[in-house]
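**Student:** Next come the chains, spelled out residue by residue.
Number of protein chains: 2
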Amino acid sequence: MNNEIPYKIYLSEQEIPKQWYNLRADMKNKPAPLINEDGSICSKEELSKVFCDDLVEQELNDTDAFIDIPDGIRDFYKMYRPAPLIRAYCLEKKLQTPAHIYYKFEGNNTSGSHKLNSAIAQAYYAKKQGLKGVTTETGAGQWGTALSMACSYYDLACKVYMVKVSYEQKPYRREVMRTYGASVTPSPSETTKTGREILKKFPGTNGSLGCAVSEAVEVASELDGYRYVLGSVLNQVALHQSVIGLETQTALKKYGIKIDTIIGCAGGGSNLAGLIAPFAGEILRGENNYDIIAVEPSSCPSFTRGTYAYDYCDTGRITPLAKMYTLGSDFIPAPGHSGGLRFHGMNPMLSQLYHDKIIRAVSVNQTDVFKSAVEFARVEGILPAPESSHAIDIAIKEALKCKETGEAKNILFGLTGTGYFDMAAYQNYNDGTLKDFPLEDKEINKSVDKLPIIEA
Amino acid sequence: MNNEIPYKIYLSEQEIPKQWYNLRADMKNKPAPLINEDGSICSKEELSKVFCDDLVEQELNDTDAFIDIPDGIRDFYKMYRPAPLIRAYCLEKKLQTPAHIYYKFEGNNTSGSHKLNSAIAQAYYAKKQGLKGVTTETGAGQWGTALSMACSYYDLACKVYMVKVSYEQKPYRREVMRTYGASVTPSPSETTKTGREILKKFPGTNGSLGCAVSEAVEVASELDGYRYVLGSVLNQVALHQSVIGLETQTALKKYGIKIDTIIGCAGGGSNLAGLIAPFAGEILRGENNYDIIAVEPSSCPSFTRGTYAYDYCDTGRITPLAKMYTLGSDFIPAPGHSGGLRFHGMNPMLSQLYHDKIIRAVSVNQTDVFKSAVEFARVEGILPAPESSHAIDIAIKEALKCKETGEAKNILFGLTGTGYFDMAAYQNYNDGTLKDFPLEDKEINKSVDKLPIIEA
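Keeping their order, the protein sequence lines are chains W and R.
Anchor point for the first sequence: position 447 equals 446 in numbering that gives the first Met the number 0, and the numbering is continuous, going up by one each time.
Anchor point for the second sequence: position 384 equals 383 in numbering that gives the first Met the number 0, and the numbering is continuous, going up by one each time.
None of these hints come from the bench; they were simulated from the model.
You may find that some hints are simply not true.
Note that the list lumps identical chains together, so a pair holds whenever it fits in one copy or between two copies.
Claimed, not checked - Heads up, simulated EDC-like pairs for lysine to aspartate or glutamate below, C-alpha to C-alpha not over 16 Å straight-line:
| # | residue 1 | residue 2 |
| --- | --- | --- |
| 1 | Lys408 | Asp259 |
| 2 | Lys77 | Glu3 |
| 3 | Lys93 | Asp74 |
| 4 | Lys252 | Glu286 |
| 5 | Lys257 | Glu406 |
Note that the structure is predicted; figures quoted are calculated from it, not measured.
Sequences are here, hints too, so could you generate the full structure?
**Tutor:** Following this line, the structure appears as structure tokens:
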């Protein structure tokens, strides 16, 4: 079928994937396993103390290519999926490029991002296990919002530790979570041992994601009937997010579109892994080739300037270690506006793919990112999240290259979410006060020196 | 066709209406014309000094049932329409009602509401006329945001007068408008004669919608190449908004659904008029019957407690007069949280339909409205705007009536938008500090006494 391509390709409800795609099954070089501090591989039992049982199974499963999506999760997906694949006709016209630009838009839900795809899965398995509730951390707030929505749907308690600076600067994000019934605690807090220690050591601190992780993990392990859940980095999250790529693939096939370039923003890697999964699978199976580009902020460039090594997932060093591209678990990124991309490490599966040169990466400055965001918003209507706008920036640059060369490439990017709760950042941009924070070499060296560098 | 009904019914791009439906053509009792202060009917020439030429034609046209939607407008519609018609399966289950509940969701665009349907039409005609720009007022900010987006698309200047209290309390709404290139001025301001007079008379005032209208109209009439545009009340706006009802009708027909009850929130009437247009047409032509319910806030109940009379559309009395249900043009509603419903009058066409008992109306308290909003959000996912939640509240009450009687009614309501910029209101509700402001009789009498009461 090769119809005229509409502005928005909507699949039917029946076309929402019935299985997640587990890219690891098609990887010859598997991502390295999670390990304990002593170098031993984390066992199922060890992980089950922190995570829900079914999620541990998924975390450890690198052999089954397809994993069924339970009906309970698919029913929730039906409330906001399929997400549209949009042809950026107006942006193409504005750029006067021969390229065709497509974007998968994941922002049409109240959480405002793709995070809901994994949040509902994690809440489902927690409920299935008969748990009372879950704990988590949130920085910018997208993940916390998504998890609050998912827990409200399944009538689970939800305890969110929100980085203090965000808690104070983004009262409305906090209020969305409260509206969905979550309890939101600014981190560091007096409610945990870790929190009290940090407050004693650094009175008046604004908190960090690493500290919030530690508090959430501590609470989950001490409260009866609770587990800890996480919105990125883990391979189970990448698995759930594969619905993004699978729907995209179905929509493209429907209209006979062969994509050349695939672009996604990368923080912990949840969106990028989900978007590229089926396409990377085609590369690994030798069926097709794609130019896959991860875009990260110059202030937190784990792929382009990090080290591939075992490292902790949190600053407090109470989580297992993952082999990943990392800037060091004690790395504190500069105060850029893309809260969702301010993580020191990268999903282990994506790290392996990058190491094997299946995907490449670039880093961009946030002033360029906001310039592209506004250019996009003014013609395409959608006001993008700063995180998503990293992908927009590179998509525009790739389309402008096509203008020079005359190539009519098909460019796809992931538009992970909307910027409605990021207007303070846009205000900075509109006022001309936005600054860049490219990482300085001395900061990288400092971080790398502190890595535990355990080779399993 | 009577397939299993999906969670979301999405029409195809081809099914976006090609014509607006002009309900006035099917009305035997036409809405009364706009008049000048001296009682004379406003001529086309008089109206053209304030409004764009094509829009004046549409305002005066009460004979053509269908008016073509230009391709330029349809192309923009394609970026965010068709809007889904959603079956509220989860809400039905929660309420344990035999009723089937449907809602037309107009919030999937950056303006966050249905306002964009008319904004893009008005911007299109302004561009077609070769104008440089348009002026308008905004209260809560939905209309101003929608118009900014539309003007950005057509590269038109956009000057928004934003009620001062909103300008200060909703800096993020303001910032969205700036991001789309609009200039936003807090009203009253020093930039207009009216503004300066009001500031002199009431130093330190927080402004009002009536004052902002006056400033916007003054600027449009004095600047070369500018016209004034308005997001509600006018019949041209009701015409553009008919896409809501037309798409709904197409979707219902596709699945063989016969609706019994239609519910919409009502401020100036733009959403309600658009949602009900084709259905009210069926009633007027004797083809069908529906129970149509307008829902208004108890703090600003123009239908249920207003007077049907000629009145000004603004507090400053510089606009023409419209025959409508009104609380008096000097009526200042109590500080409720539904900014979009705080208008003293009602669209003239809807006023006539209400007078002729084609539609009925109820008023509700905002604490009930927020209770229903949260109940809805927690099961259906979407966080509704306070305005839209007036319709939700009555839809829930109608569904609960069905639970008592055992009737399996089909209930439809309009979900006009999202509440992402209304979190301060939700915070009040979450904190238990939200109050009701039902209108007191003495306030009504005071307003009615001051009406000009001109019978044309």
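**Student:** Each hint: holds or not?
**Tutor:** Evaluated hints:
| no. | hint | verdict |
| --- | --- | --- |
| 1 | Lys408 x Asp259 | within (6 Å within a copy, 51 Å between copies) |
| 2 | Lys77 x Glu3 | between (26 Å within a copy, 14 Å between copies) |
| 3 | Lys93 x Asp74 | between (39 Å within a copy, 15 Å between copies) |
| 4 | Lys252 x Glu286 | within (15 Å within a copy, 44 Å between copies) |
| 5 | Lys257 x Glu406 | within (14 Å within a copy, 51 Å between copies) |
Checked against the numbered hints listed earlier, the structure breaks none of them; every hint is satisfied.
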